[in-house]
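Enquirer: Listed here are the chains, written in short residue letters.
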Amino acid sequence: MSEEKKSEKSEKVGSRLPLYLVTPFLVFSLCLGVLLVVMIKPYDKLKVYLNVAFMDNLKSDPLEDNTGLVIKNNEILEEYSGETSDTGEVMHPSFGEQFAIISSDVFEVDVPVYWGSEAELLELGACQPSGSVVVGSEGNAVISAHVDTFFANLTDLQVGDSVQIKTNYGKFDYKVSELIEFKSTSNKYLKPTDDTRLTLYTCKKDVLGGSDMRVGVICTPEKSVFYKTQDGGGQ
Amino acid sequence: MRKITTYLPSIILSIALVFCILGTAGVLLAKSILTSESAYKVYSENGVRDIISDSLGSYYRDKANTTGIPSEVYTENITGDYIDLAVKDCIDRGFASVSDNSEFQFTPPENTALETAIDDFFSDYAESIGYTPDEEYEKKLDSAKDNAYKVIKSYCDIYKMESLYEHGVMQKISSVYGYLGIVSKIAVSVTFVVLVLLFLVNFKEISSWFYWTGVSCLISGIIGAVPCAYLLKTGYFKSFSIKEPQVFTVFTSAMTSATELFEKTMIADCAVGVMLIILCAATIIAGRSSKNKK
Chain A
1 MSEEKKSEKS
11 EKVGSRLPLY
21 LVTPFLVFSL
31 CLGVLLVVMI
41 KPYDKLKVYL
51 NVAFMDNLKS
61 DPLEDNTGLV
71 IKNNEILEEY
81 SGETSDTGEV
91 MHPSFGEQFA
101 IISSDVFEVD
111 VPVYWGSEAE
121 LLELGACQPS
131 GSVVVGSEGN
141 AVISAHVDTF
151 FANLTDLQVG
161 DSVQIKTNYG
171 KFDYKVSELI
181 EFKSTSNKYL
191 KPTDDTRLTL
201 YTCKKDVLGG
211 SDMRVGVICT
221 PEKSVFYKTQ
231 DGGGQ
Chain B
1001 MRKITTYLPS
1011 IILSIALVFC
1021 ILGTAGVLLA
1031 KSILTSESAY
1041 KVYSENGVRD
1051 IISDSLGSYY
1061 RDKANTTGIP
1071 SEVYTENITG
1081 DYIDLAVKDC
1091 IDRGFASVSD
1101 NSEFQFTPPE
1111 NTALETAIDD
1121 FFSDYAESIG
1131 YTPDEEYEKK
1141 LDSAKDNAYK
1151 VIKSYCDIYK
1161 MESLYEHGVM
1171 QKISSVYGYL
1181 GIVSKIAVSV
1191 TFVVLVLLFL
1201 VNFKEISSWF
1211 YWTGVSCLIS
1221 GIIGAVPCAY
1231 LLKTGYFKSF
1241 SIKEPQVFTV
1251 FTSAMTSATE
1261 LFEKTMIADC
1271 AVGVMLIILC
1281 AATIIAGRSS
1291 KNKK
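In order, the protein sequences belong to chains A and B.
Be aware that the first sequence starts at 1, since it is given in our numbering, and climbs by one per residue.
Be aware that the second sequence starts at 1001, since it is given in our numbering, and climbs by one per residue.
Calculated from the structure, these hints are not laboratory results.
No false leads were mixed into what you were given.
DSS-like, lysine-lysine: derived pairs with alpha carbons at most 27 Å apart:
(1) B:K1031 x A:K41
(2) B:K1264 x A:K47
(3) B:K1243 x B:K1088
(4) B:K1238 x A:K47
(5) A:K188 x A:K204
(6) B:K1140 x A:K205
(7) B:K1063 x A:K72
(8) B:K1238 x A:K45
Label-pair restraints from in silico Cβ distances:
(9) B:I1004 x A:L50: 35 to 45 Å
(10) A:K205 x B:P1133: 16 to 26 Å
(11) A:V159 x B:L1085: 52 to 62 Å
(12) B:E1135 x A:E79: 54 to 64 Å
(13) B:K1139 x A:Q158: 24 to 34 Å
(14) A:K205 x B:L1085: 28 to 38 Å
(15) B:A1096 x A:M213: 37 to 47 Å
(16) B:A1113 x A:V48: 40 to 50 Å
(17) B:A1113 x A:V70: 32 to 42 Å
(18) B:Y1131 x A:V48: 48 to 58 Å
Keep in mind the model is a prediction, meaning the values are calculated, not measured.
Ideal placement from N, C-alpha and C gives every residue a C-beta, glycine not left out.
Generate coordinates for the entire structure from the input sequences, incorporating the hints supplied.
Expert: Okay, structure coming up:
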């Protein structure tokens, strides 16, 4: 082969080099284009299912320790010597926070009350579901606990008995006005009301196994005392 | 690469090869993971038995407060082996339902030890409070046993097969599941045919065949591996809505391992692509140097 032909050949290969380099990008772009066109409709359909199955705000592993319920136990004021008023602001607790103590002559112990309703919280005390109004607000404040632990004596309450709830924002006295019994599937006594009341309930003790019935009391407010400060009266 | 008559068909065949490789990899992956054996493997390799056992324990401890039945009555008799058996049975029935498009029916295997423990607890309790067994007693006893099986069923149906069946998802899967074997064979054959066509188009220049096949492998590898890497890096599967520990674990583990497997396959595909491109370059250089020697 003459020198001329040799250099002609190498020039040809050299001239093809940009084509060799550009072609993968061209194929890649064309593939992405085809993929976009082909996938646009199925993705639109799939997106709905994906958004239901994978919710970005639920990016947590149920088995990891740092997720789930955060329980907060608070010291509730027993005595308050500061300024008080008949009306005031309630403090909205966070989910899993202990915010009150219920006491009554028939209860053997003062019952801590947690905000929220979870099996884990029911092991620690009584629970107030976040759907009802906070104790001290206008409306129906609903509190429940297990019959074999904290509300074992709930059915001993009679009409006219006193119930007291202490919180860090006030002290609330109630009188039992009605004894109630309802099916576990009924929300007759648990739904919001126009009047201010306290509803306490638990499972009805049955001879064997679980009961479908719930028993409890409805209490009407007798006296509400709101604390002006939350430091025990500024001692 | 020399003429437009070979360049254009090569580009078209190369694009076709990219999708053939992706499709074949996807179908083969689906075929390998959609089996009762691999579903059970995910269960056994991720400690799901212990998760179910713990969940059942905490469920019955909580229920003890309302039913009055101590959790030990259940937890001591729902053993690990029994959970294995129930889960395996549920998975097998689910896949049987998918393969022959039949109704999905799952009832946990009989647990005589559990039934006896419930019987014993009821009779002991009735005796301790001086209660003479009557019709109500029998009703409660039967209901306690039925509930126990219902709870076991809900905890051992880790792939939510009953729910998938009720919502018609299993029936939809069933309509394509039977064709998975044929589809995988077709996908492999089509890929082979495209490779042969690419070879025929570049028959005169073997280095070009290496080049086009390499480009297809590299691009299909990138298209397949990048989304997988994104899903794994961002922990996308952790946002799975069902947070029941056993369901969450099997679903996310299955999805993660499938994505990892696909990603590895695609990385290998990329590597093959790079090797073929290097081979192409080497062939060209070798050809040039041999011609130069002549």
